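K.L.:
What follows is each chain in one-letter form.
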Amino acid sequence: MSEALGLYNYWIVIFLMMTGLYLVISTGNLVRKVVGLNIFQASVLLLYVTMGRVDGATAPIFVEGRETYTDPLPSVLMLTAIVVGVATTAVALALTVRINEAYGTIEEDEINEQEHAQELAG
Amino acid sequence: MILTGVMAAILVTMALALVRATLGPTLFDRILALNMFGTKTVLLIAVVCFTIDRTDFLDLALAYALMNFIGVVAVLRLFLHKGFGEPEPDEEGASS
Amino acid sequence: MITDVLSGICLIAGAFFALTGGIGLIRLPDFFTRMHGAALTDTLGAWLILLGLMIAAGFTLVTVKLIMIGLLLALTSPTATHALARSAWEHGRKPWMLPEGEDVPTDG
Amino acid sequence: MREVKILRVVSAKTLLPFILLFALYVQFHGDFGPGGGFQAGVIFGAGLILHALVFGLNESRRVIPEWVIESAAAVGVLIYGGVGVVAMLKGGKFLEYGVLDAHDRVHGQHTGLILIELGVGVTVSAVMLAIYGALAGRGRLST
Amino acid sequence: MSRAVKHSIALFVFLAVAWLLWSGFWDNPLLLSLGAVSCLGVLLLVRRMRLVDAEGVPLKILPKLVVYAPWLIWEVVKANVDVARRILSPRMPISPCLFEVKASQSDDLGRVIYANSITLTPGTISVHVEGDVILVHALTKEAADGVEEAEMDRRVTGLAG
Amino acid sequence: MFQQTVDILVLGLLAATALAVVRMRTLIGAAMLMGIYSFLSASWMLILDAPDVAFTEAAVGAGVSTIFVLATLSITTIRAKRQTKFQFAPLAVVVLTGAVLIYGTLDMPHFGDPEAPVHRVGNRYIKRVPEEFKIPNAVTAVLGSYRGFDTFGETTVVLTAGLGVLCLLRKRREDEPKVVTE
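Residue numbers (numbering that gives the first Met the number 0), protein chains in the order written: chain A, 0 to 121; chain B, 0 to 95; chain C, 0 to 107; chain D, 0 to 142; chain E, 0 to 160; chain F, 0 to 181.
Because the hints were derived from the structure by calculation, they are not lab data. Bear in mind that the values here come from a model prediction, so they are computed numbers and not experimental data. Glycine is no exception: its CB is placed at the ideal position from the N, C-alpha and C atoms. Worth double-checking, as some hints may not be accurate.
As the list claims (entries may be wrong) - When the alpha-carbon atoms are kept at most 27 Å apart in a straight line, the in silico DSS-like pairs for lysine-lysine are as follows:
#1 E/Lys5 <-> D/Lys4
#2 C/Lys93 <-> E/Lys140
#3 E/Lys63 <-> D/Lys4
#4 E/Lys59 <-> E/Lys5
#5 F/Lys80 <-> D/Lys89
Stated by the list, open to error - Label-pair ranges, simulated between beta-carbon atoms:
#6 F/Arg123 <-> E/Asp26: 29 to 35 Å
#7 E/Val132 <-> A/Tyr7: 42 to 48 Å
#8 E/Asn27 <-> C/Thr2: 50 to 56 Å
Chain A with its partners taken away, still in its complex shape:
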């Protein structure tokens, strides 16, 4: 039992990831999809950061009197990932804006309907 309890951090993070994923695939609204992607991304960051933790250690910024430090590597990887994440989010939002200008809506089903109507007409 105690074997499995040490993994609770992963389970809750997976729950959070799945919440984001659910938002992405269940909604037709493009902005809500982007919000869902952001939640998914933040949860993946959490997954990596929890892996870096060491019991009884302190943050990897050296101070007097502390010997053990947590792993700096996951921090480094996630640090760059966050900023790249916001930049790509911005690209997704820009695409949403263009879609809205082309179709007049940001709802997926309405866009599909318009596409379908065009196919029938052309």
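With the hints as your guide, set chains B, C, D, E and F onto chain A.
P.N.:
Chains B, C, D, E and F only, in chain A's frame:
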């Protein structure tokens, strides 16, 4: 010990704010609750810095407070001007 | 020893005010009155917790940073509250009033 | 939002200088505490976005014209790459900061770190401001 | 010395003090020089934004704040206890009301300080500022009477003129 | 004990926030809740001793990306279409994926295990940084030096993404309306 209690109290306050944010009923209630949630995270961070005994991380709390404020200003701008890009109406404020 | 007790008292009082504000946010009847509840957590709740931490830290640069956080909160929170109240007012939200002819409920 | 006096006075006039200075503080203390180019760039960009939010996009464009933003974004990457190239010219490998100082490897590492953090900060803040400007400016012209 | 120069120098001093307090490395020449450069750069940028004036750097009122701030904090504490009591009491004795007060300050900065002080005190919130009339929402009649007595108004006027 | 209590409280609040985002129909509310979610996850990162990530996440997630979403909303629409019927398929997919992932975690090292294989590289960095750099922040040193190529790539990606946004949204000169509003 006391610090853990204070953290728990702050987290409960946040949970109450979250309840208000989901209940609404108006959008303004949600924004009010979320703004309060943001200021509580600042306090949470300050307390966490003391519990993990690394008070040199208090810069984070400052950054949190700033970011929360900027986010709220952006929301309010959306309400007061219906957008981000319109030219500013030049009235009494501009000249003084 | 005395500093421990003092900071403990401040922290607990701050946590109490923060909780009260949170309860107010749930209990109060409308948007405008809820703002008063939120103001509670942003003023004394925050200040007392920060004060407790300052007493615990002793007088160092950490205290200065805590004071700065307090100043920042004291500057930004009323500004954000006012702007929020104003935009609600301009969108035609009317505050909740006591129903006509009803007296102010009193304690007890 | 200029006519909301409280926002104009408190947020912009009183806080903005300190927000920008805080960003620079985070930038240059990346070696000693939490912080560095990415965080500082985002905070600096957020400060400039706050200015644009309160005073409007036109005012923001007057203070920092578009060409400055776009070149800054590229210049940041160039600083980063340039440090690598200088290291190669000095006989090291690409991005080997130790050779930047002929006598003291540790000092060279320091110089390299500060310079590349600067490059990252410049790029990130410029890109943040550019994205905000693109999104906000779209609304003004399209209707 | 012109006013603009005076304000710039004052802002530079504030920025430098803030840098030193944040940094805490007072013996590192590299960081000190970077700090000086940063302060100067921020000052130039802010001047370009035209933010350096009597509103942004309120030199005149800073000394008087020493008297005003403790009084305000005491008011806030009293109001906090009152509001907390009302929220926690089971029947919630509140009587929200809306009224207008006149701000007797002569400039925007004074009115901003006054309106912000009203908002900072729990129990009263300034909803709208139009000219020198402030629309206030109060949680209780007592709090409303407190604002209408205008002691805070007098003190802020003394502060900012 | 402290660690566990706080972890469980914060994680519970995080889960509640994530569910609140799913429930939230107002788009502005969803955008702000996204910011709050970032704040909370950043707080937990600080508790997990990763202040640099927490700093970035707070600045990026709560500040800048919220503003970007809001700016997008201001030029598209702030109303989301009401979903009419409950969809079963997404929930099934999510539950299935989650189950597979949880099955995958069973072999993972325990939370906070100092012997976990990930730490092998990290420990080497921790040992080498004080000798080679003489600076306290190991994250900055690894970011800039040992992983300098990585960071260079990431900076380029940020620049490219910015250019992409500009290409997508920049109005060409001939598109500008004749009557300028200023």
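K.L.:
All the hints need checking, so say for each whether the structure fits it.
P.N.:
Now for the hints, and whether the structure bears them out:
Distance restraint check for E/Lys5 and D/Lys4: the Cα-Cα separation of roughly 24 Å lies within the 27 Å cut-off, and the hinted pair is therefore satisfied. Only pairs whose Cα atoms come within 27 Å are accepted, and C/Lys93 paired with E/Lys140 is accepted, the gap being roughly 18 Å. This hinted pair checks out: E/Lys63 and D/Lys4 have alpha carbons roughly 22 Å apart, not beyond 27 Å. As the CA atoms of E/Lys59 and E/Lys5 are separated by approximately 12 Å, the hinted pair is consistent with the 27 Å bound.
Proximity of F/Lys80 to D/Lys89 is assessed by CA-CA distance (about 61 Å); at most 27 Å being required, the pair is judged violated. Look at F/Arg123 against E/Asp26: about 32 Å separates their beta carbons, and that is inside 29 to 35 Å. A C-beta distance of roughly 57 Å is found between E/Val132 and A/Tyr7, which places it outside the suggested range of 42 to 48 Å. For the pair E/Asn27 and C/Thr2, the beta carbons lie near 31 Å from each other, so the given range of 50 to 56 Å is not met.
Against the hints set out earlier in the document, violations occur for numbers 5, 7 and 8.
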